[in-house]
Structures are given as structure tokens and as C-alpha cells.
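Asker: If you want the building blocks of each chain, they are given just below.
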Amino acid sequence: MDCVRARKLLSEHVDGLLDREAGAALVDHLGSCADCAQELNALLRVRSALKSAPGFKAPAGFSSRVMERIRTGENAPAAGPGLFGWLWSMPMHLKLAEAAAVIVVTAMGVYSAGFLSARLLNVNGAGEQGEGNLLALASLDELDTVPPGSMGDMYLSIKENGNEQ
Amino acid sequence: MDGRERDLLLIEKSRAGDEAAFEALVLKYQDRVYGICRYMLGPADAEDAAQETFIKAYRNLAGFTPAPSFSAWITRIAVNTSLDYRRKHPHLSLIRTTPEGTEYAHDEASGTPGPESRLESKRTGLAVTAAIERLSEKLRVVIVLNAVEGLSYEEISAALEISIGTVKSRLSRAKEELKRLLASTREQM
Numbered sequence: 001m002d003c004v005r006a007r008k009l010l011s012e013h014v015d016g017l018l019d020r021e022a023g024a025a026l027v028d029h030l031g032s033c034a035d036c037a038q039e040l041n042a043l044l045r046v047r048s049a050l051k052s053a054p055g056f057k058a059p060a061g062f063s064s065r066v067m068e069r070i071r072t073g074e075n076a077p078a079a080g081p082g083l084f085g086w087l088w089s090m091p092m093h094l095k096l097a098e099a100a101a102v103i104v105v106t107a108m109g110v111y112s113a114g115f116l117s118a119r120l121l122n123v124n125g126a127g128e129q130g131e132g133n134l135l136a137l138a139s140l141d142e143l144d145t146v147p148p149g150s151m152g153d154m155y156l157s158i159k160e161n162g163n164e165q
Numbered sequence: 001m002d003g004r005e006r007d008l009l010l011i012e013k014s015r016a017g018d019e020a021a022f023e024a025l026v027l028k029y030q031d032r033v034y035g036i037c038r039y040m041l042g043p044a045d046a047e048d049a050a051q052e053t054f055i056k057a058y059r060n061l062a063g064f065t066p067a068p069s070f071s072a073w074i075t076r077i078a079v080n081t082s083l084d085y086r087r088k089h090p091h092l093s094l095i096r097t098t099p100e101g102t103e104y105a106h107d108e109a110s111g112t113p114g115p116e117s118r119l120e121s122k123r124t125g126l127a128v129t130a131a132i133e134r135l136s137e138k139l140r141v142v143i144v145l146n147a148v149e150g151l152s153y154e155e156i157s158a159a160l161e162i163s164i165g166t167v168k169s170r171l172s173r174a175k176e177e178l179k180r181l182l183a184s185t186r187e188q189m
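As they're listed, the protein sequences go chains A and B. Under our numbering, read the first sequence as residues 1 to 165, first letter to last. Under our numbering, read the second sequence as residues 1 to 189, first letter to last.
Among the clues, some could well be false.
[Claimed, not checked] Sample of chain A residues with no beta-carbon within 10 Å of chain B, all distances over it, derived:
id, residue
1, Ser-11
2, Asp-19
3, Arg-20
4, Ala-24
5, Val-46
6, Pro-54
7, Val-104
8, Tyr-111
9, Met-154
[To be verified] Stretch-level coverage of chain B by chain A, calculated; a stretch enters the list once three of its residues show a Cβ under 8 Å from a Cβ in chain A:
id, stretch
10, 2-14
11, 22-32
12, 53-67
13, 168-176
Because the hints were derived from the structure by calculation, they are not lab data. Bear in mind that the values here come from a model prediction, so they are computed numbers and not experimental data. Where a beta carbon is used, it is the ideal one built from N, C-alpha and C, also for glycine.
Generate coordinates for the entire structure from the input sequences, incorporating the hints supplied.
Answerer: Shown next, in the form of C-alpha cells:
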């Protein structure tokens with residue numbers, strides 16, 4: 001047996017887990033190799049030291065506390081982060097970017113609404129001072145896009161005639 | 001009825017709603033689970049992680065399969081729960097330094113006879129615990145399971161779902177590293 005092989009077997013040898021043949025070969029090698037014998041002694045010291053490592057016991061009342069948590073329903077799967085939990089967990093710089101995007105989109109919406117209402121005022125002849133009747137401006141007629149002679153136009157005509165009757 | 005068969009019986013009873021049966025499982029494995037969490041996380045989070053381990057096991061009893069064993073299963077949950085805690089708190093320490101010196105607050109250590117040998121044992125225990133703390137997670141887990149909790153190579157292989165060859169390799173590396181760390185500690189003393 002060479003030293004490379006011997007070194008690989010030392011840990012199992014210390015734990016008493018080598019089979020008889022491998023153990024005998026290793027012992028034979030250790031008898032003639034001072035370096036490997038020294039390595040074995042070092043591992044034996046480690047094993048001895050590990051025996052001093054404390055074996056911790058669970059604190060008093062541990063099982064009672066576990067069972068109490070189970071009885072009170074804490075065993076239920078933890079609730080997920082919620083609809084907006086992903087938002088709170090984001091890094092700060094991403095949150096700021098998200099907030100800036102929301103502000104920009106909102107501003108664009110406000111600007112667009114103002115632009116639209118200004119256009120409607122002009123269409124209804126209300127002038128640039130905005131003297132038009134806003135309720136009239138909000139009439140669905142402004143949004144009616146049914147082309148004359150279309151199926152939609154015929155349908156609306158039928159409905160209107162029906163209502164009159 | 002051997003230990004494994006008894007565990008399976010307790011699991012069946014627990015699934016049927018028998019709380020006393022599950023508590024019996026907790027009592028049987030609480031020291032091992034707490035010990036794993038204690039070595040991986042230190043005193044502050046050990047009990048929380050250990051409780052969480054058993055609660056996870058209770059939640060998932062329906063999905064438990066007998067192979068390899070409840071012992072391997074609960075050990076795996078304890079290791080994974082501890083690793084999750086470590087990811088959330090990467091600077092956990094097993095050792096506490098107070099004005100009186102360096103110590104670890106182990107509640108109860110087993111088998112320490114006589115005051116002088118207890119003191120020496122405590123010093124060595126501190127040195128070993130400090131050395132274990134400096135091992136990587138992979139090496140720390142196997143050395144704790146084998147050297148402290150007394151699990152065999154086969155049990156560790158089943159619990160961690162790694163080959164026995166990997167268990168042997170990691171244990172060998174862990175002991176080499178501990179040898180170096182303990183030698184360094186002796187030189188400093």
C-alpha cells in the first residue's frame with residue numbers, strides 16, 4: 001500500500017470501519033511509514049477532541065411548545081406575501097424606479113385628458129376659454145362612431161323606432 | 001418492534017389525528033434536531049429552527065414515505081431548515097464572548113464528570129466548537145451528524161441524499177480541516 005491510498009483510509013480506520021483486509025494492509029504500512037503514522041496520531045487527536053464537543057439537549061418544555069404551535073394552527077402553511085408583497089420585497093432603487101414610472105404614466109394621462117377636453121371644447125364651438133357646456137361635451141354622441149348605412153346604424157335605427165312606438 | 005417500525009406506527013397514528021403520537025416522535029428526535037440547529041445556527045435561533053423543523057414535518061406527514069426512514073427525513077428537514085436560517089442570517093455564531101471570557105451557552109451537555117475534568121473538557125469543547133464553526137456548511141453538517149450526533153455513514157447518506165463515498169470524503173476533509181484549526185488554536189494558547 002502506498003501513502004496516497006493509506007491517507008484515504010485513515011479516517012475510516014480511526015472510525016473502526018475498515019474491513020479486515022484493508023485494515024491489515026494499512027496497519028502494515030503504518031508500521032513502516034513514519035509520516036502516515038504521524039498523520040494517524042493527528043486524526044486520533046481530532047477524534048478525541050470531538051468527543052469533548054457538547055451534545056446539546058433540547059430545552060425543557062420544547063415538545064410542549066411545538067405541540068402548542070401545532071394546536072393553535074401555526075402549522076398552517078405560511079401566508080404568501082400577498083398581492084403586493086413582491087413590491088415591498090423589491091430593492092429600494094427598483095421601488096424608486098417603479099414610483100417614477102407611475103408618476104410619468106399618471107402625468108401623461110392627465111395631460112391627455114386635458115388635451116382631449118380642449119379638443120372637445122373647440123369642436124363644440126365653446127372657444128378656447130372653455131365656455132362650453134361640459135355635460136354636453138360628455139355626451140356619448142361625441143364618441144359615437146357608427147358609420148351611416150352600416151349594420152350598427154341600422155340596428156340603432158330599429159331600436160330608436162321601437163322605443164318611439 | 002424495532003425503532004423504525006415504531007416510528008412508522010406513530011406516523012400512521014399522527015396522520016389519523018393522534019397528537020400524542022406526534023409528540024412521541026418529537027420527544028424521540030428533539031435532542032438530535034436541536035443539536036443540529038444549535039451547531040449550525042448558535043443559541044439564539046436554534047430553538048426556533050428546531051420547532052420549525054417539527055412543524056414542517058407535521059405539515060408534510062401526508063407526503064412522507066417510509067424509505068429511507070423518519071430518522072433520515074427529520075434529519076434532512078433539520079439540516080435544510082438550518083441552512084435556510086443561515087442564508088437569512090449569515091453571521092450567526094456558536095460562540096458568545098462576554099466580559100468573563102469566551103463561552104457557549106449550552107443548556108445541558110451530556111456526560112461531564114468531576115469539576116477539573118469538566119473545566120478541561122469545557123476548554124477543549126470550546127476549542128472544538130469554535131473550530132466546527134469555522135468549517136464550511138457542507139463539512140460542518142457531516143461532522144456534526146457523525147461525531148456529535150453519532151449517525152453512521154449510511155444514515156448520513158440517507159439523510160443528506162448523498163453517496164456514502166461523498167460522506168466519507170467530506171468527513172475526511174472535515175477532520176483534516178479540524179486538525180489544522182485545532183493545531184492553530186494550540187499554538188495560540
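Asker: For this structure, which hints from the list above don't hold up?
Answerer: Per hint list: 1, 5, 6 and 10 violated.
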